[in-house]
Each structure stands twice: as C-alpha cells, then as structure tokens.
Amino acid sequence: MKSPQDLVRFLLPLAVFAAGLVLWEAIVRAYDIQPYVLPSPLLVLKTLVADWPILSQSLGVTLLTTLEGFVAAAVGGVVLALLFNQSKWLEYSLFPYAVVLQVTPVIAIAPLLLIYLQQQTAVIVCAWIVAFFPVLSNTTLGLNSVDRNLAGLFQLYGASKLQALLFLKLPAALPYILGGLRIAGGLSLIGAVVAEIAAGSAGAGSGLAFRIAESGYRLNIPRMFAALLLLSLAGIVIYGLLALVSHLLLRRWHESALGKDN
Amino acid sequence: MAEPALSGSDAGSAVRLRGVAKTYDSGVAALGPLDLDVASGEFVSLLGPSGCGKSTALRLIAGLSRPSAGTVELSHHGTEQRGSHRIGFVFQEPTLMPWANVRDNVRLPLKLAHAPAADADARIAAALDQVGLADFAGAYPRELSGGMRMRVSLARALVTDPDILLMDEPFAALDEITRFRLNNDLLSLWRNLHKTVIFVTHSVFESVYLSQRVIVMTARPGRIGAEFRITSPEPRGEEFRTSAEYAAFCREVSGALAPSYAGQAGA
Chain A
-3 MKSPQDLVRF LLPLAVFAAG LVLWEAIVRA YDIQPYVLPS PLLVLKTLVA
47 DWPILSQSLG VTLLTTLEGF VAAAVGGVVL ALLFNQSKWL EYSLFPYAVV
97 LQVTPVIAIA PLLLIYLQQQ TAVIVCAWIV AFFPVLSNTT LGLNSVDRNL
147 AGLFQLYGAS KLQALLFLKL PAALPYILGG LRIAGGLSLI GAVVAEIAAG
197 SAGAGSGLAF RIAESGYRLN IPRMFAALLL LSLAGIVIYG LLALVSHLLL
247 RRWHESALGK DN
Chain B
719 MAEPALSGSD AGSAVRLRGV AKTYDSGVAA LGPLDLDVAS GEFVSLLGPS
769 GCGKSTALRL IAGLSRPSAG TVELSHHGTE QRGSHRIGFV FQEPTLMPWA
819 NVRDNVRLPL KLAHAPAADA DARIAAALDQ VGLADFAGAY PRELSGGMRM
869 RVSLARALVT DPDILLMDEP FAALDEITRF RLNNDLLSLW RNLHKTVIFV
919 THSVFESVYL SQRVIVMTAR PGRIGAEFRI TSPEPRGEEF RTSAEYAAFC
969 REVSGALAPS YAGQAGA
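First to last, the protein sequences are chains A and B.
Note that this note's numbering gives residue 216 to position 220 of the first sequence, counting from 1, and the numbers run on in steps of one.
Note that this note's numbering gives residue 870 to position 152 of the second sequence, counting from 1, and the numbers run on in steps of one.
All clues stand as given, with none of them false.
Distance condition first, Cα-Cα at most 20 Å in a straight line; then the derived SDA-like pairs of lysine to any residue:
(1) A:Lys157 x B:Ala831
(2) B:Lys829 x A:Ser156
(3) B:Lys829 x A:Ala168
(4) B:Lys829 x A:Leu162
(5) A:Lys42 x A:Glu21
The set of hints was computed from the structure by calculation and includes no laboratory data.
Hey, can you work out the whole structure from these sequences and the hints?
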C-alpha cells in the first residue's frame, strides 16, 4: 500500500462488499424473508460460529484433499512435461490423452471413478485430473522458451543434459511453472468439491461440499451459505499463498514481479 | 564434416579455416567457401553487411554449428586446468541468465566444468575486476545498464582464460559513448591478456579502430572480399579516432565494403 491509489484499489472492493451485506441484511429484514429461503448475513455468521465444530472438520477434510490433489498435479504435471521434453516419442504418444483428460468434464468422470476407486482416492484423482493440465502445458511452454543463445552458451561450455536441465531449462521455465501452479491451486479445490458432491449424493463423505449437499437436502440454508463462505475463503487463501510464493521467487529478476516504474 | 580439430598443425596460427562452407537445410548458402588464418594473439575483424554469414563463421569456429564442407582447426596450447576453455564467446546480446546475479553468471562456465569452488571464486573476482565490475557482483542483470551487462558477458567469456575470444557484434546495441568506452577497455584487455580476438561487426569505424586486420566479406554467401592491415601503432586511444590516418583507413575499408551492399534492396 504505497500510494493513495493502491489504498483505493484495496478499500473499494471492501466497501462494495460491506454495502452489499448491509443491503442484503436490510432486504431480508424489511420483507421478513424466512431463513430457509434466504438467510441474512448475520444469521450466516451466527451459523458459522455455532456449527464451527462440524464445519471446521469438513474444511480440514476438503483442504487436505485439495492439497493432495494439488501436490499430485504439481509433481505429475512437471514430471510429465520434463519427460515430454526429453523424449518427443513419449510426448507424441501421450499428449493427446492429457488433452482428452482435460476436455472431458470432471463432473462426468467423477461417478465412474467412485465406482472403481475408494472414495478418498477417487476424490484426490478428480482434483488431480482437473489441476495437472495447466501445470503440464505451462511447464512445457516454459521448457521450450529457453533463450537460444543461452542454450548455445551451455553447449559451448560442454554442459551435460542434466546440467542444462537443472541450470538452464528449469530456471527459465520457473515463471511459467508458477503460473501453472496458480491456476492448479484453484482448480484442485474445484476438483475436490466436484468429487465430494458426486460422492455425497451417493451417501458418504464429510468434506465441505458434502456439507453443502447434505444441508440442501435438509433445507438448512444458513449452513449451506456458511459452508460456501468457507469454500470461497479457502479458494482466496490458496490463490493468495501461491501468488505470494511466486512473487518471492521471481521478485529479483522476472518482469512479471517487478514494479511498473522499474 | 569436421569437428574443430585440436592439432596445432601451424604453430603460429590460432584458427585455421580451409574451404569452410555452410548451407542451411532450407538450401540457402550462407557462407563460403572460406579460407582464413588468424595468428595467435591477433585481433581480426570480420566486417560485412547483415546476413553475409559473418556470425555463421563465428558459430562454426566456436563449434556451435557444423560446416557443410571444409575444416575448422583450432590450435591448442597452454595448461589444461579444470574450467579452462579454449574459446570465449560474446554474443550480440549480453545473454545472461536473468535469475542469477552477476557473480553466478560469470561462474557458469566454471560450474559446468566442475571447477573447485575456491579456485572459481578467485577467478570470478579477477574476471570482474578486469571488466571493472568488482562492486556489482551481487547485482542482478535487470538492475544493470546495457553496457554493464555486456561487461558481465565479457567477464564470463574471460573467466575460463580462453586462448581465443569470439565476439559477435557485441556492442551493436549500445549507445556511442558506451560503445567507445567498451572499445577502449577491450583493446587494453587484449593488450594485457594476449588473446586471439575475432570480432564480428558491421561498423567500419569500429573494425578499423580495434583491429590489426580487417576482413571485408561479400554479400551472401559470405566470402572474403578484401583484406586490410591496419598498421597504426598500439596503444590506440581517443586521439587515434580523430587522426587523419584513421580517417584514411576508414575511407579505404568503406570503399571495399560498398560492393557488398550494391545488390541489396534498401541498402
């Protein structure tokens, strides 16, 4: 928050948010809308506090799934990209299937996975399926964007393939990889939620998305909103953390992390 | 189809090209056939229009690309120590790793050769000192001016203590003042370190100022069009830039270069 303009950019969305909440509260009160139709923001907050034991446990479950899916996607995406980069044959053989996995809606795959895999595994696989592709394609792009002269320099000084990978290709690809991870973070949360909902309707599970589905059946609308609020906050925190990591790693050298006046 | 051979067939010459030609896969003849001898410790400029293959010639000498015909021979002498390298290459762009600071950029050739760390640190410090960047070892390329980045690139080429320094229009993108300063610094480095320098440029003035010998190349496919010995004594400095002798050499070389541009559209 250096300049007044930054402050405005920070405060303006908060002001809009607060105004929206006040308006919402006022409308609910003025028209005496029942909680099972539309709960007021205050009631949602009260429910969040009252149901915290259940909701926090569910939040933990969903976050753990998201994390596992994210790690699997990050590792899988980067490793696949490295393998593709080393062997054209492998890339030609497997890349189309990566695309197929990406374009098939995960919500349609989830029920199938739940048949063949244990529920916990299926949920992680779902998170992985949605999240690995941006990592794969971004890392591939990064590995192929190495400066030609720098590559020539490495060749001139007799760099081994491993040295070229570690000291040239991976650092050069880092900004792209981090961009892919930022997308993957949000997507793995989506994957986890989708799988939980698919599993939840089959009658098992305890994550936040399952709570939302369950509360829906019971017309416990305030809890639906409370769980939704938590999911949304989780998404924001995940994005914020990944953006922070990216900033810390790139701030000294990459264009994207440098100030405008630099 | 030859690798640069290691034989020192001719004791006096550092680089020896015989019938070297390069034709790209697209069928475009870029260079040659070219015969060229560069004596050990000599400063030679390759001068020619854009696209005449002078950079290609440099890449062939460096072994970054294979000739379609002919042989490239580099003489080989001096002690073999870990992290020493026969050739130092300075590209048109500084070609630095943006994620590494100045010290680590200069360290690269030594690191790739697994040179011992203590030895490497001393050599990096010496190389940075030679180009006047001792105080900027911790800076990142983004934080340096264009001229300073080029100096880092030069330090990286010098850190392996090469016999031969290949420079591919290294100062073309710099402003004139910076360029003149780097010209002078390069000349004093050359006098002190006794390297063989092959310097590619499209500037007549730069080639005459720096070189003992200027080789004018023809338009594509590049061949040797004319050769001039610049006999003016060393050390050359700013007063040489304004001397009548310098002007006369420039006029002569420009005259030889004119036919290379004759056939080119927009030249």
